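First to last, the protein sequences are chains V and P.
Going by the working numbering, 166 is the number at position 166 of the first sequence; the sequence numbering is gapless.
Going by the working numbering, 568 is the number at position 330 of the second sequence; the sequence numbering is gapless.
Quick caveat, the hints were computed from the structure, so don't treat them as lab data.
Straight line, CA to CA, 25 Å or less: simulated DMTMM-like cross-link-like pairs of lysine to aspartate or glutamate:
{"#": "1", "chain 1": "P", "residue 1": "K635", "chain 2": "V", "residue 2": "E106"}
{"#": "2", "chain 1": "P", "residue 1": "K635", "chain 2": "V", "residue 2": "E23"}
{"#": "3", "chain 1": "P", "residue 1": "K356", "chain 2": "P", "residue 2": "E448"}
{"#": "4", "chain 1": "P", "residue 1": "K635", "chain 2": "V", "residue 2": "D84"}
{"#": "5", "chain 1": "V", "residue 1": "K147", "chain 2": "P", "residue 2": "E542"}
{"#": "6", "chain 1": "P", "residue 1": "K635", "chain 2": "V", "residue 2": "D82"}
{"#": "7", "chain 1": "P", "residue 1": "K635", "chain 2": "V", "residue 2": "E85"}
{"#": "8", "chain 1": "P", "residue 1": "K635", "chain 2": "V", "residue 2": "D83"}
Computed from a predicted structure; not experimentally measured.
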Amino acid sequence: MSGRDGMRAPLIEARHVSRVLRETVPVTLVRDITLAIGEREFVAITGPSGSGKSSLLYLLGLLDLPSEGEVLIEGRSTAHMDDDERAAVRLARLGFVFQFHFLLPEFTITENVALPMRALGRLTEAEITARAEELLASLGLADHRAKTPDGLSGGQRQRVAVARALANDPLVILADEPTGNLDSKSTAQVFAILRDLVDQHGKTVVAVTHDLNLAARMDRRIEIVDGAIASDLRAEPA
Amino acid sequence: MNLTLHIALTHVRNRARQTLVAMAGVATGVGFSIMMAALMQGSQEDFIKTLVDALPHIAISDDLREPTLQPADTAYAAAEIHGLTPNVRRRGIKNPMATIDALRSWVPGALTPSVQSKAIIRFAGRNRSVSIIGIEPRSEATVSNLAVKMRQGTLASLYRANNAIILGDRLAEKLGARINSNVTLATTGDVNLTATVVGMFHSGFRMTDENSGYVLLKTAQILENQTGLVNEIRVRTNDPMAARLIAERIGAETGYKSISWQESQEDLLSTIQIRNILMYTIVGAILLVASFGTYNIISTITHEKTRDIAIMKSLGLRSQTVRRIFLIEALIIGLAGAMIGWVLGYLLCRGLGSLEFKTPFSDSNRMAISYSWVHYGLATAIALISSLVAGYLPARKAARLHPVDIIRGAT
Numbered sequence: 001m002s003g004r005d006g007m008r009a010p011l012i013e014a015r016h017v018s019r020v021l022r023e024t025v026p027v028t029l030v031r032d033i034t035l036a037i038g039e040r041e042f043v044a045i046t047g048p049s050g051s052g053k054s055s056l057l058y059l060l061g062l063l064d065l066p067s068e069g070e071v072l073i074e075g076r077s078t079a080h081m082d083d084d085e086r087a088a089v090r091l092a093r094l095g096f097v098f099q100f101h102f103l104l105p106e107f108t109i110t111e112n113v114a115l116p117m118r119a120l121g122r123l124t125e126a127e128i129t130a131r132a133e134e135l136l137a138s139l140g141l142a143d144h145r146a147k148t149p150d151g152l153s154g155g156q157r158q159r160v161a162v163a164r165a166l167a168n169d170p171l172v173i174l175a176d177e178p179t180g181n182l183d184s185k186s187t188a189q190v191f192a193i194l195r196d197l198v199d200q201h202g203k204t205v206v207a208v209t210h211d212l213n214l215a216a217r218m219d220r221r222i223e224i225v226d227g228a229i230a231s232d233l234r235a236e237p238a
Numbered sequence: 239m240n241l242t243l244h245i246a247l248t249h250v251r252n253r254a255r256q257t258l259v260a261m262a263g264v265a266t267g268v269g270f271s272i273m274m275a276a277l278m279q280g281s282q283e284d285f286i287k288t289l290v291d292a293l294p295h296i297a298i299s300d301d302l303r304e305p306t307l308q309p310a311d312t313a314y315a316a317a318e319i320h321g322l323t324p325n326v327r328r329r330g331i332k333n334p335m336a337t338i339d340a341l342r343s344w345v346p347g348a349l350t351p352s353v354q355s356k357a358i359i360r361f362a363g364r365n366r367s368v369s370i371i372g373i374e375p376r377s378e379a380t381v382s383n384l385a386v387k388m389r390q391g392t393l394a395s396l397y398r399a400n401n402a403i404i405l406g407d408r409l410a411e412k413l414g415a416r417i418n419s420n421v422t423l424a425t426t427g428d429v430n431l432t433a434t435v436v437g438m439f440h441s442g443f444r445m446t447d448e449n450s451g452y453v454l455l456k457t458a459q460i461l462e463n464q465t466g467l468v469n470e471i472r473v474r475t476n477d478p479m480a481a482r483l484i485a486e487r488i489g490a491e492t493g494y495k496s497i498s499w500q501e502s503q504e505d506l507l508s509t510i511q512i513r514n515i516l517m518y519t520i521v522g523a524i525l526l527v528a529s530f531g532t533y534n535i536i537s538t539i540t541h542e543k544t545r546d547i548a549i550m551k552s553l554g555l556r557s558q559t560v561r562r563i564f565l566i567e568a569l570i571i572g573l574a575g576a577m578i579g580w581v582l583g584y585l586l587c588r589g590l591g592s593l594e595f596k597t598p599f600s601d602s603n604r605m606a607i608s609y610s611w612v613h614y615g616l617a618t619a620i621a622l623i624s625s626l627v628a629g630y631l632p633a634r635k636a637a638r639l640h641p642v643d644i645i646r647g648a649t
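All chains, full assembly: derive it from the sequences and hints.
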């Protein structure tokens with residue numbers, strides 16, 4: 001998609017986005033954030049606990065609605081979209097990885113990975129199964145495809161979550177503390193997978209993390225403090 | 239397999255015990271509904287059939303619907319007239335045979351003249367008040383099933399002796415009378431005659447069998463002390479259900495009181511209607527209670543699956559897809575429960591139909607059961623609708639769930 005000046009529009013753009021919880025005492029989660037994330041970016045969103053980094057990710061991923069401002073996906077405003085339209089954008093254009101894997105426990109991991117594809121309905125059942133198995137195999141889970149999430153380790157479950165996020169071949173993967181619940185070995189595995197998605201497959205990965213070492217190895221670091229952007233740094237090209 | 243169906247089936251399968259309890263609730267509701275409907279309709283049909291077979295469909299009596307106007311009423315424009323003595327009307331239907339011939343030209347069915355009389359019957363020192371019906375044996379067979387209800391003798395036996403009488407078998411038993419016994423009939427008009435018992439009938443209705451006797455038309459005319467008297471014309475219509483309309487037309491044409499079997503048994507028929515309302519209320523209540531079970535299980539599943547719903551919605555499943563999942567679950571419970579209910583209902587019907595019992599009102603010694611697909615269809619439709627309603631509320635709640643609220647709470 002192209003902007004007015006002929007440049008490609010950012011994949012995700014936030015324009016003066018704020019999010020306030022209307023409770024007895026209003027709580028501001030995100031304050032007037034403007035940012036743009038383009039193709040093949042590997043972005044870390046960091047900040048102290050409660051700073052609003054996960055809230056920002058949910059806004060960028062259309063899981064939450066801004067109180068003010070707007071979020072654009074591939075140059076298209078989502079401000080006037082209803083729930084179903086936002087769901088359709090999430091299904092087709094975005095992939096999510098959460099800290100607690102959030103796999104459906106009653107289904108096999110193949111069925112979990114197949115779920116977004118079945119919901120989208122573009123492929124046949126045979127194609128869906130083949131793609132789910134291929135994704136699982138590419139993440140080293142070929143031998144576990146008939147298992148349910150209960151039969152896997154934390155790192156394996158998180159890899160299944162990554163496979164599910166990739167199911168509909170989205171341009172952007174949004175990850176909320178993807179390694180927050182993993183040991184160092186699994187953290188390294190998952191990080192390597194995310195890095196590979198950017199470098200080898202041309203995806204954009206936006207990951208919330210409180211692990212500054214991990215963030216330091218990403219291409220861009222956005223630090224959130226008190227709901228606002230404190231810094232937005234890009235790593236020097238190697 | 240369709241995604242929503244797959245998820246719904248998985249949810250239901252993984253809660254086998256709860257699902258079976260909910261299905262058992264629906265099955266019990268459907269089963270007992272089918273049994274109740276079969277029993278009620280069966281007894282109603284049996285009752286009406288017996289009633290229709292035993293009684294003339296229309297009885298035209300010599301009474302008038304409205305009292306005749308006195309000559310003074312027509313001669314003077316007075317508000318009220320006191321001290322008039324009503325005209326004495328000659329009893330009976332005027333020109334009965336001509337009236338019957340006129341009616342035969344358009345009434346779809348058979349007609350026969352008869353005389354209704356009351357008498358005291360005496361035998362062996364026992365007295366009983368009875369209804370004596372004067373009939374023509376040849377045409378009687380066309381308007382009632384008396385001929386096939388004969389236990390001893392035939393209708394033609396009435397021609398066998400002077401003043402012959404056919405008694406209800408219970409009446410004969412109470413009097414101790416047998417075939418060829420001579421009984422005495424006494425009326426309020428000081429007529430006494432001796433009649434020979436030539437037959438016995440058994441209608442199946444205790445009241446009739448204990449209090450009725452049939453004699454020839456001329457014998458009843460002697461009892462009523464009026465030669466040529468016919469005070470009732472009895473009609474059997476080809477379609478019993480058309481009797482009410484035909485009776486109204488006869489009444490309008492002849493001026494005599496013409497009563498259909500529906501009108502004469504109005505109290506009983508309205509009792510049946512009330513009974514049906516009660517039945518459907520009870521059946522509805524049973525199914526409503528069963529739907530609480532469905533509501534409970536769907537509600538429990540949605541509560542347990544809150545996180546899964548949030549996951550599915552965060553991945554991009556639409557609200558209506560989530561709602562459909564839980565509605566399908568309710569439908570699965572309702573449909574499976576209804577199918578088990580069919581078997582239960584059928585077995586209950588068979589079981590009830592095989593029970594033997596005695597009733598003081600009629601001869602029937604088995605429960606009359608009506609087997610109809612309508613009962614199964616109706617119970618299933620109500621079960622499915624109540625299951626869907628029960629499932630809709632938690633399904634709607636699930637569909638409205640905001641995924642970020644759950645995800646934020648979990649992380």
